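Asker: Chains as they are written, first to last, in the numbering used here: chain R, 797 to 1128; chain E, 797 to 1128.
None of these hints come from the bench; they were simulated from the model. It is possible that some hints are incorrect.
Said to hold, decoys possible - Lysine to aspartate or glutamate pairs mimicking EDC-like chemistry, simulated, CA-CA at most 20 Å apart:
{"id": "1", "chain 1": "E", "residue 1": "Lys825", "chain 2": "E", "residue 2": "Glu847"}
{"id": "2", "chain 1": "E", "residue 1": "Lys964", "chain 2": "E", "residue 2": "Glu997"}
{"id": "3", "chain 1": "R", "residue 1": "Lys938", "chain 2": "R", "residue 2": "Asp959"}
{"id": "4", "chain 1": "E", "residue 1": "Lys886", "chain 2": "R", "residue 2": "Asp839"}
{"id": "5", "chain 1": "E", "residue 1": "Lys886", "chain 2": "R", "residue 2": "Asp1007"}
{"id": "6", "chain 1": "R", "residue 1": "Lys830", "chain 2": "R", "residue 2": "Glu922"}
{"id": "7", "chain 1": "E", "residue 1": "Lys1046", "chain 2": "E", "residue 2": "Asp839"}
{"id": "8", "chain 1": "R", "residue 1": "Lys886", "chain 2": "E", "residue 2": "Asp837"}
{"id": "9", "chain 1": "E", "residue 1": "Lys886", "chain 2": "R", "residue 2": "Glu1092"}
{"id": "10", "chain 1": "E", "residue 1": "Lys1037", "chain 2": "E", "residue 2": "Asp1007"}
{"id": "11", "chain 1": "E", "residue 1": "Lys825", "chain 2": "E", "residue 2": "Glu840"}
{"id": "12", "chain 1": "R", "residue 1": "Lys886", "chain 2": "E", "residue 2": "Asp839"}
{"id": "13", "chain 1": "R", "residue 1": "Lys964", "chain 2": "R", "residue 2": "Asp941"}
{"id": "14", "chain 1": "E", "residue 1": "Lys1046", "chain 2": "E", "residue 2": "Glu922"}
{"id": "15", "chain 1": "E", "residue 1": "Lys964", "chain 2": "E", "residue 2": "Asp992"}
{"id": "16", "chain 1": "R", "residue 1": "Lys1046", "chain 2": "R", "residue 2": "Glu1030"}
{"id": "17", "chain 1": "R", "residue 1": "Lys1017", "chain 2": "R", "residue 2": "Glu997"}
{"id": "18", "chain 1": "E", "residue 1": "Lys886", "chain 2": "R", "residue 2": "Asp837"}
{"id": "19", "chain 1": "R", "residue 1": "Lys825", "chain 2": "R", "residue 2": "Glu922"}
{"id": "20", "chain 1": "E", "residue 1": "Lys1037", "chain 2": "E", "residue 2": "Asp1053"}
{"id": "21", "chain 1": "R", "residue 1": "Lys975", "chain 2": "R", "residue 2": "Asp1007"}
{"id": "22", "chain 1": "E", "residue 1": "Lys830", "chain 2": "E", "residue 2": "Glu840"}
{"id": "23", "chain 1": "E", "residue 1": "Lys825", "chain 2": "E", "residue 2": "Asp799"}
{"id": "24", "chain 1": "R", "residue 1": "Lys886", "chain 2": "E", "residue 2": "Glu922"}
{"id": "25", "chain 1": "R", "residue 1": "Lys825", "chain 2": "R", "residue 2": "Glu847"}
{"id": "26", "chain 1": "R", "residue 1": "Lys886", "chain 2": "E", "residue 2": "Asp1007"}
{"id": "27", "chain 1": "R", "residue 1": "Lys886", "chain 2": "E", "residue 2": "Glu840"}
{"id": "28", "chain 1": "E", "residue 1": "Lys886", "chain 2": "R", "residue 2": "Asp882"}
Bear in mind the structure is a predicted one, so any value in this text is a computation, not a measurement.
2 protein chains.
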Amino acid sequence: MADARYDVVGIGNAIVDIIGRCDEALLAKIGAQKGSMRLVDADEITRLYAEMGAGVEISGGSAANTIAGIASFGGRASFIGTVANDEFGKIFAHDIRSIGVTFTAPLASGTAPTSRSLILVTPDGERTMHTFLGISTSLGEKQLDLELIRNSAILYLEGYLFDEPDAKRSFHLAVQTAKSAGRKVALSLSDGFCVDRHRAEFLDLIRSGIDILFANESEIKSLYQTESFELAAESARNDTKLAVLTRSGKGSIILGDGRTVSIAPEPISEVVDTTGAGDLYAAGFLFGYARGMSLEISGRLASLAASEIISHIGARPAVPLQQFARDRGVIS
Amino acid sequence: MADARYDVVGIGNAIVDIIGRCDEALLAKIGAQKGSMRLVDADEITRLYAEMGAGVEISGGSAANTIAGIASFGGRASFIGTVANDEFGKIFAHDIRSIGVTFTAPLASGTAPTSRSLILVTPDGERTMHTFLGISTSLGEKQLDLELIRNSAILYLEGYLFDEPDAKRSFHLAVQTAKSAGRKVALSLSDGFCVDRHRAEFLDLIRSGIDILFANESEIKSLYQTESFELAAESARNDTKLAVLTRSGKGSIILGDGRTVSIAPEPISEVVDTTGAGDLYAAGFLFGYARGMSLEISGRLASLAASEIISHIGARPAVPLQQFARDRGVIS
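So that you can see chain R by itself, here it is in the shape it has in the complex (with noise of 0.2 Å):
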């Protein structure tokens, strides 16, 4: 196997996020279950934007955030989605490449706006997400840097993409190519609905190709349809190399290599906004392992990352996070 350029590419929806502050009675008005992400089209988000508070606009996206992080961290990554020729695909672009990414996708012709999310931050610092998919999940076979796959030591994907039948294809294609060279597949299950609509292909995939599986307690329980999660954690063990299962407040266990590393979670005086909390702790972890460091040390990069995002407003880092880990004396 060739030396990797890249230490991880991400494949993911290119998503620019409205946060906004809102109150419990708000989502109940509009029936949303907290801490869920809800796909909607684009009358009903309209309609929400109009029920919500004044907004913030930062990049987004599940893997992009991952991505983003891994940059921050100093990692080598790329990443590979669609967004369209307008502002929000401008803002994305440049924000992902401001950190050092490299995202070559040139911005899309047609009809679809670039996607965004809607995201309402309730006082308790969670977040609940209506996800317009505009043209993200436009990422057909052709638009796959293949040569970009076979030069990750990694490659990350994000369940959410598995809501649209091109990108399912192109999902499937990238996870041949970087076999074929000998990469690393890692996936994230993103969203316990997700997995619902969606089981039985996760199931098959993970069972024959996926080396690193990351799932929160949630979407771990969906994933095996069942209410305890050391029943979920077992059988996740025999069907992946690697389960990174995450519990929130509880911190996150890592299942392989016939061991079980727990990670505390790292204490953090104020939550504001819990939003990329998962994708940051990815990347934390996808730093380390790719450099080659232990699972206890990657676990605990990962747990620092998801600290530094949930304690301000959006999922990005507002500190370059390899100085973050430097200065907690986790890396040199």
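Fit chain E to the supplied structure of chain R, relying on the hints for placement.
Answerer: Showing chain E alone in chain R's frame:
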């Protein structure tokens, strides 16, 4: 004089702020003077944006921030300004309406985009702005809602609008309309360089029809071309009914009715981003003054609002200012 339906109507540039961190070296490289606002063309804004790190997009605009702040205090506020039918225009209209401001302008069609300002925030919290004036300067006389002006106790104008001949003419018509209806007129000088560009006209306007003049130290010194703040302040006292002069960390003074009222700065733990400090100071003062509160209390509300806005990114209040001021016992 009939009772006013609105406490304040503001006229200004409708702008979306693109806020990003930057170091002192970048300011030196692009030759920017820290703390200033410079107008740039489409090419230059594109070049500067490429130099800047990842950004956050938040509705802004000087007078628009002030008006949003007045609404946040529970005041009846309205805004006159122009946005285009693009993503930034929709964001601006949504955000200002979501806080309860009357904003009736339709999304304008035309080739110019919604105006935007690149705001570079240095580690000390100071902001340096580069503004690309798109459609917001298309504020012709026919776009002025004269009925709205007649129905507002105070007309508030941002000095920046003097940079465009069309908008300047609208400005004078708005002042005449307000005066004829027996209303008060307030003006913010906006920026030292803006004063340099229009000194004679500003002085004419101030001496002929401004009831309340807002300026910071560098603006008032520039207006009267003196290095002495005390001399400048005495000149302002002679030229207007009420001069409200801010001095950053040194607090502010209000000169009028033969009195000089000193307002201490509000203690604050950390200055995150000074964007909007002057705008929100004006909001607190105008809200108090329009409601018949004393100069002391109006000044205290001004100082409180400024302290809230510099404690976070962006120039719009993150919490309702009415509650913020109630919690501190300044209003009931």
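Asker: All hints, please: hold or fail.
Answerer: Hints and how they fare:
no.: 1; hint: E:Lys825 <-> E:Glu847; verdict: holds (10 Å)
no.: 2; hint: E:Lys964 <-> E:Glu997; verdict: holds (10 Å)
no.: 3; hint: R:Lys938 <-> R:Asp959; verdict: holds (19 Å)
no.: 4; hint: E:Lys886 <-> R:Asp839; verdict: holds (15 Å)
no.: 5; hint: E:Lys886 <-> R:Asp1007; verdict: violated (43 Å)
no.: 6; hint: R:Lys830 <-> R:Glu922; verdict: holds (7 Å)
no.: 7; hint: E:Lys1046 <-> E:Asp839; verdict: violated (38 Å)
no.: 8; hint: R:Lys886 <-> E:Asp837; verdict: holds (18 Å)
no.: 9; hint: E:Lys886 <-> R:Glu1092; verdict: violated (47 Å)
no.: 10; hint: E:Lys1037 <-> E:Asp1007; verdict: holds (5 Å)
no.: 11; hint: E:Lys825 <-> E:Glu840; verdict: holds (14 Å)
no.: 12; hint: R:Lys886 <-> E:Asp839; verdict: holds (15 Å)
no.: 13; hint: R:Lys964 <-> R:Asp941; verdict: holds (15 Å)
no.: 14; hint: E:Lys1046 <-> E:Glu922; verdict: holds (16 Å)
no.: 15; hint: E:Lys964 <-> E:Asp992; verdict: holds (16 Å)
no.: 16; hint: R:Lys1046 <-> R:Glu1030; verdict: holds (18 Å)
no.: 17; hint: R:Lys1017 <-> R:Glu997; verdict: holds (16 Å)
no.: 18; hint: E:Lys886 <-> R:Asp837; verdict: holds (18 Å)
no.: 19; hint: R:Lys825 <-> R:Glu922; verdict: holds (17 Å)
no.: 20; hint: E:Lys1037 <-> E:Asp1053; verdict: holds (7 Å)
no.: 21; hint: R:Lys975 <-> R:Asp1007; verdict: holds (10 Å)
no.: 22; hint: E:Lys830 <-> E:Glu840; verdict: holds (18 Å)
no.: 23; hint: E:Lys825 <-> E:Asp799; verdict: violated (53 Å)
no.: 24; hint: R:Lys886 <-> E:Glu922; verdict: violated (26 Å)
no.: 25; hint: R:Lys825 <-> R:Glu847; verdict: holds (10 Å)
no.: 26; hint: R:Lys886 <-> E:Asp1007; verdict: violated (43 Å)
no.: 27; hint: R:Lys886 <-> E:Glu840; verdict: holds (16 Å)
no.: 28; hint: E:Lys886 <-> R:Asp882; verdict: holds (13 Å)
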